[in-house]
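Each residue of the sequence shown is one higher than the one before, starting from 1 at the first, in my numbering.
There could be a bad hint or two in this list.
Said to hold, decoys possible - With a straight-line cut-off of 25 Å between C-alpha atoms, the simulated DSS-like cross-links for lysine-lysine are:
| # | residue 1 | residue 2 |
| --- | --- | --- |
| 1 | Lys-71 | Lys-26 |
| 2 | Lys-71 | Lys-23 |
| 3 | Lys-126 | Lys-34 |
| 4 | Lys-11 | Lys-23 |
Don't read these hints as lab results, they were simulated from the structure.
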Amino acid sequence: MPTHPTREELKPGECLCEYCPAKCCKYFALPMDKPETLRDFEYMRWFLLHERASVFTEDDTWYILVHTTCKHLQPDNRCGIYETRPQICREYSTDNCEYHDDWVYDRYFETAEQVEDYMDAVLPRKKGESIRSRKPALLPLL
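Based on the sequences and whatever the hints tell you, model everything.
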């Protein structure tokens with residue numbers, strides 16, 4: 001497997017984009033309100049019941065992340081509409097891009113069950129109360 005040079009190893013005039021895996025073109029993340037109530041967490045659970053969605057926090061900001069590839073990303077990881085790309089793409093710089101980022105977040109949720117566990121830990125409960133459904137009776141032994 002070929003290795004990609006680090007930023008520091010690039011030759012003068014060489015562009016980072018020549019080696020880029022295009023991480024920034026394979027998802028988008030939008031800030032969301034910090035979940036604080038049962039209803040907020042239920043919305044978050046609903047987000048995660050959809051394929052290719054996750055929620056993460058970074059510096060105490062919560063985000064909904066949608067893993068989806070830009071329809072103009074070419075097989076060589078270059079932009080197919082570079083000259084007419086959206087302004088957000090024009091403003092994005094390789095200075096702080098995710099070229100070698102390991103994608104480590106403060107909190108990261110991929111499943112509704114992870115949200116349930118987190119809710120149990122952070123939401124106030126009355127004694128003996130749980131957000132989970134009552135456990136079903138055990139099946140009889142045969």
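So, going through the hints one by one against the coordinates:
Simply put, Lys-71 and Lys-26 have alpha-carbon atoms about 9 Å apart, close enough for the 25 Å limit, and the pair holds. For the hint linking Lys-71 to Lys-23, the alpha-carbon distance of about 14 Å falls within 25 Å, and the restraint holds. Distance hint between Lys-126 and Lys-34 is fulfilled; the C-alpha atoms sit about 22 Å from each other, no more than 25 Å. For the given pair, Lys-11 sits about 22 Å from Lys-23 by alpha-carbon distance, which is consistent with the 25 Å threshold.
Going through the hint list in order, the structure satisfies each hint without exception.
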